[in-house]
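There are 2 protein chains.
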Amino acid sequence: MKNILGRELPDYIEGYGEVQPFEGAFENSGVKAQTAVVVKAVTPNEEKLVADFDALLDKVELKDGMVIAFHHHLRNGDYVLNMAIDALAKRGIKDLTVAASSIFPIHAPLVDHMKNGVVTKIYAAYMSGPVAKAVSNGELKYPAIMHTHGGRARLLESGDLHVDIAFIAAPTADEYGNINGVQGKSACGSIGYAMADAEYADIVVAVTDNLVPYPACPIHITQDKVDYVVKVDSIGDPAGIVSGTTQITKDPIGLKIAKMASEVMVASGLVKDGMSFQTGAGGTSLAVADELKHIMKEQGIVGSFAAGGITGYIVDMLNEGLFNSLFDVQCFDLKAVQSISTNPHHMLMSSSMYGNAHNKGAVVNKLDIMILGATEIDTDFNVNVTTASDGTIMGGSGGHSDTAAGSKLAIVVTNLVKSRTPIIKDRVTTVTTPGESVDVVVTERGIAVNPRRTDLIEKLKATRLPVMTIEELKNLAESMTGKPKAIELSDEIVAVVEYRDGTVIDVIKKPL
Amino acid sequence: MKNILGRELPDYIEGYGEVQPFEGAFENSGVKAQTAVVVKAVTPNEEKLVADFDALLDKVELKDGMVIAFHHHLRNGDYVLNMAIDALAKRGIKDLTVAASSIFPIHAPLVDHMKNGVVTKIYAAYMSGPVAKAVSNGELKYPAIMHTHGGRARLLESGDLHVDIAFIAAPTADEYGNINGVQGKSACGSIGYAMADAEYADIVVAVTDNLVPYPACPIHITQDKVDYVVKVDSIGDPAGIVSGTTQITKDPIGLKIAKMASEVMVASGLVKDGMSFQTGAGGTSLAVADELKHIMKEQGIVGSFAAGGITGYIVDMLNEGLFNSLFDVQCFDLKAVQSISTNPHHMLMSSSMYGNAHNKGAVVNKLDIMILGATEIDTDFNVNVTTASDGTIMGGSGGHSDTAAGSKLAIVVTNLVKSRTPIIKDRVTTVTTPGESVDVVVTERGIAVNPRRTDLIEKLKATRLPVMTIEELKNLAESMTGKPKAIELSDEIVAVVEYRDGTVIDVIKKPL
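For the record, the sequence lines run as chains Z and G.
Counted the way this note's numbering counts, the first sequence spans residues 1 to 512.
Counted the way this note's numbering counts, the second sequence spans residues 1 to 512.
It cannot be assumed that every hint is accurate.
Any copy will do: because identical chains look the same in the list, a pair fits if it lies in one copy or spans two.
[To be verified] Mimicking DSS-like on lysine-lysine, the simulated pairs with C-alpha atoms at most 25 Å apart in a straight line are:
| # | residue 1 | residue 2 |
| --- | --- | --- |
| 1 | K32 | K63 |
| 2 | K141 | K121 |
| 3 | K408 | K40 |
| 4 | K32 | K59 |
| 5 | K408 | K272 |
| 6 | K94 | K408 |
| 7 | K40 | K483 |
| 8 | K32 | K256 |
| 9 | K133 | K63 |
| 10 | K250 | K90 |
| 11 | K272 | K121 |
Source of the hints: derived by calculation from the structure; they are not laboratory data.
Model, not experiment: these values are computed from the prediction.
Can you make the complete structure from the sequences, with help from the hints?
This is the structure we're talking about:
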């Protein structure tokens with residue numbers, strides 16, 4: 001069958017199950033039943049602190065086929081995923097599903113666990129490095145499931161993904177399981193992705209290298225959600241957890257794109273008091289924030305909130321009074337960590353609150369402007385941030401589809417050509433975000449507006465911005481690079497791309 | 001049948017269902033399934049703000065027999081319960097269950113709704129005033145269900161009580177349902193009892209008199225849990241919401257009891273660094289806090305936390321460095337409200353985190369010393385704080401049984417005789433808290449230790465405190481007042497007293 005975007009999908013995928021095809025960004029909505037959580041009640045005098053992973057695994061019932069969850073706030077510094085899976089592998093457990101909110105190069109040891117059958121399934125919103133490469137090569141027994149950040153909360157809440165054990169990398173915890181992300185040598189700030197794990201996993205384990213006297217303060221995940229606490233020497237490498245600083249691009253093309261994007265924002269009429277804004281941590285995205293900052297300051301505009309993964313640039317905007325609040329699901333740099341630990345207006349949000357399509361209203365629903373990246377865009381405005389142009393996995397939606405769906409104005413900023421490859425194509429290798437959610441594509445050579453947004457086309461026509469059709473933009477790129485050769489893919493499905501509502505928006509096939 | 005305390009219970013109670021008898025404080029524990037929550041997903045552009053109750057009731061499906069929930073942080077200043085039930089009554093809805101965390105004299109209009117069949121069932125952890133009197137007189141169609149604060153969270157989490165609509169009195173809210181309790185003219189501080197309502201009710205309505213621009217900051221209940229926001233002129237009478245100040249007793253007997261209780265605490269060995277403590281807002285209870293404060297200061301003791309409903313006295317102890325943190329489920333006075341809104345070490349806790357026996361470990365489990373009140377105590381140490389000695393309802397457990405069960409040392413402080421009636425009896429009119437959870441009874445004339453606590457008896461014998469058996473204490477009281485006449489009760493059950501685990505610890509019968 002084909003979904004509404006014309007993507008060929010099987011009815012059933014081994015290891016995944018029946019495929020519910022994507023039918024449009026808000027078609028699968030309405031009344032949704034969440035799963036029933038099962039809790040082992042803890043009575044007074046019971047202790048939760050265990051000496052190490054071995055002692056922990058002695059206490060919990062282990063079996064083949066378990067689902068083990070992790071959150072990724074420690075990013076490429078995370079030790080916890082490897083420690084936990086190694087410990088389970090030593091016990092001879094097989095067929096594990098690793099449900100990590102994201103996977104980084106540091107998780108390379110998973111590749112061996114995939115090869116020897118310890119790990120046979122992976123869920124992630126983003127993956128890069130050796131694991132992503134191995135999945136692309138078909139080294140995982142079953143297809144990986146790529147979801148969105150909000151989609152992961154939905155998966156857990158709905159019970160579509162039932163987690164047996166969640167390991168929560170806890171920068172700070174007390175012996176009764178109260179956790180925060182803002183203190184300790186491995187402080188990462190927000191732990192927004194871990195909240196759903198703590199709510200919905202059968203067994204919740206806090207793994208900490210900063211055990212503090214009861215009670216931890218502040219508390220981001222509360223004791224009533226946590227079964228065990230494991231003390232380890234180190235949960236991560238601080239150098240990999242947060243960047244010292246995130247940097248605005250110095251590339252003149254990136255700066256030009258940012259300037260044009262800011263003009264699009266202004267022309268849209270959304271840059272005004274009470275506005276809300278989100279951007280990523282990439283160099284060009286940050287440059288857009290910088291442009292916006294200058295405009296807001298010049299015009300005396302005070303926005304309501306900025307959201308998302310938070311960088312020092314956004315913190316500066318808060319501190320300069322340009323936004324009243326921040327909603328933070330993940331801190332990207334040290335300044336963000338420091339801010340969330342001291343400024344009450346810098347608020348932590350869970351990934352469900354951030355982007356879940358099936359709760360009572362996520363923060364993305366209140367977003368005015370979202371700045372997005374892209375690896376590929378097609379003439380239907382579908383965006384790929386999941387696979388490289390050679391078909392291998394090198395990323396994933398993260399919050400891409402969530403924010404695109406929620407925001408009033410979703411702007412993709414990208415160079416028209418990267419590494420001699422045009423970014424705009426007839427057909428993206430993989431659809432991460434459907435074109436209906438993408439309003440504008442801004443490149444250094446031209447700007448294309450989604451034809452659905454006739455209002456915006458009118459507004460931009462009144463400016464001197466180089467507005468053209470997406471086909472014109474594609475032709476322009478191809479005139480520079482020649483028409484790119486279609487990549488050749490096998491029939492083997494190595495990953496399923498779930499839209500935020502749990503429907504399948506695409507599948508990823510192994511490159512030939 | 002009889003439960004383990006010898007209380008006669010029917011197998012089945014009309015309007016309540018099958019009776020599961022109380023079998024001991026921790027007998028009903030282990031693995032517990034929570035209920036599956038059903039959520040109506042909110043998509044972008046949908047609005048939650050409605051003009052008034054009428055507009056709200058136009059939007060939700062109304063039917064006879066609904067369960068409507070309220071929290072009681074506005075206490076005797078609360079307007080929301082009456083507004084909501086009046087609005088439902090105007091629509092001709094009948095047979096409502098009112099699940100209010102507590103009921104106060106201000107809720108007197110409920111009595112008419114009981115009489116005319118609009119309200120036929122009530123759940124509450126505490127009730128006083130006209131509603132309590134009417135329930136005692138059998139004016140409610142079905143027996144009221146009296147539970148504990150932690151038990152209410154358990155009722156909602158387990159699905160034993162399914163709430164159709166929760167009305168959350170919101171001192172501050174934005175139009176998308178983010179709520180806090182610390183700002184606005186009706187600020188009440190913590191809204192810990194409302195958290196379970198927001199998690200588990202089918203429809204969650206924020207009722208606010210302080211609608212702020214999105215997003216509210218701080219946020220105690222998040223937008224992803226809230227369906228509608230109703231703006232009203234006033235949610236409550238500030239004079240009834242918080243006391244200006246709470247007062248230590250000036251009664252010399254109360255002060256003597258407090259002094260003795262403090263000596264019991266010291267003798268127990270629990271008054272030391274890292275200790276935790278909770279007391280109520282009554283005059284004698286506060287006097288105990290005052291005694292403890294002096295001891296801690298003198299001895300340079302720093303405790304870990306104080307918990308519960310929080311008063312200015314406890315705030316002072318935090319500010320003087322005597323405790324590292326506070327866990328606050330409800331603020332009793334203005335100083336507590338100010339503190340929770342400014343001091344990060346003054347932490348809000350949900351009622352589940354506070355006292356739910358069926359989660360992964362409540363704060364009461366970590367309590368060292370708990371100071372409790374009593375209306376009656378029997379020679380098995382069972383305590384009644386639910387009914388007066390004439391058999392009418394005038395209170396309820398609140399957190400009494402939760403904290404008694406969790407704490408290492410539960411001390412009841414009470415005058416030996418009140419209004420010429422002895423407090424210690426052969427048999428309490430109603431069991432609120434089982435004797436197994438009560439360690440010591442301190443009166444001005446003598447101290448009785450639960451025989452289970454042989455360790456404590458030894459420790460107290462080494463002091464000059466007037467330790468005696470509970471029977472001796474009872475005889476002493478009776479020597480002053482004469483043996484009290486047993487009250488005469490009918491066979492009509494007007495209320496069921498649920499222990500925190502959902503078993504039935506007693507029933508309340510209509511006095512003759």
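Hints, one by one, checked against the model:
1. Taking identical chains as interchangeable, the C-alpha atoms of K32 and K63 lie at most 25 Å apart only when they sit on different chains, with a minimum of 21 Å there against 30 Å within one chain.
2. In this assembly of identical chains, the alpha carbons of K141 and K121 lie at most 25 Å apart only when taken from the same copy (7 Å versus 56 Å across copies).
3. Taking the shortest alpha-carbon separations for K408 and K40, only the inter-copy value of 22 Å comes in at or below 25 Å, while the best intra-copy value is 43 Å.
4. In the homo-oligomer, the alpha carbons of K32 and K59 lie at most 25 Å apart only across protomers (18 Å), although the nearest pairing inside one protomer, at 34 Å, exceeds that limit.
5. For a Cα distance limit of 25 Å, the shortest separation of K408 from K272 inside one copy, 14 Å, qualifies, whereas the shortest one across copies, 57 Å, does not.
6. Neither within a single protomer nor between protomers do K94 and K408 lie at most 25 Å apart by alpha-carbon distance, with minima of 45 Å and 43 Å respectively.
7. Proximity of K40 to K483 under the C-alpha cut-off of 25 Å is found in neither arrangement, the shortest distances being 60 Å within a copy and 47 Å between copies.
8. Proximity of K32 to K256 under the C-alpha cut-off of 25 Å is found in neither arrangement, the shortest distances being 44 Å within a copy and 58 Å between copies.
9. Neither within a single protomer nor between protomers do K133 and K63 lie at most 25 Å apart by alpha-carbon distance, with minima of 28 Å and 56 Å respectively.
10. For the identical chains of this complex, K250 and K90 are neighbours neither inside a copy (47 Å) nor across copies (66 Å), given an alpha-carbon limit of 25 Å.
11. In this assembly of identical chains, the alpha carbons of K272 and K121 never lie at most 25 Å apart, being 46 Å within a copy and 51 Å across copies at closest.
Checked against the numbered hints given earlier, this structure breaks hints 6, 7, 8, 9, 10, 11; the rest are met.
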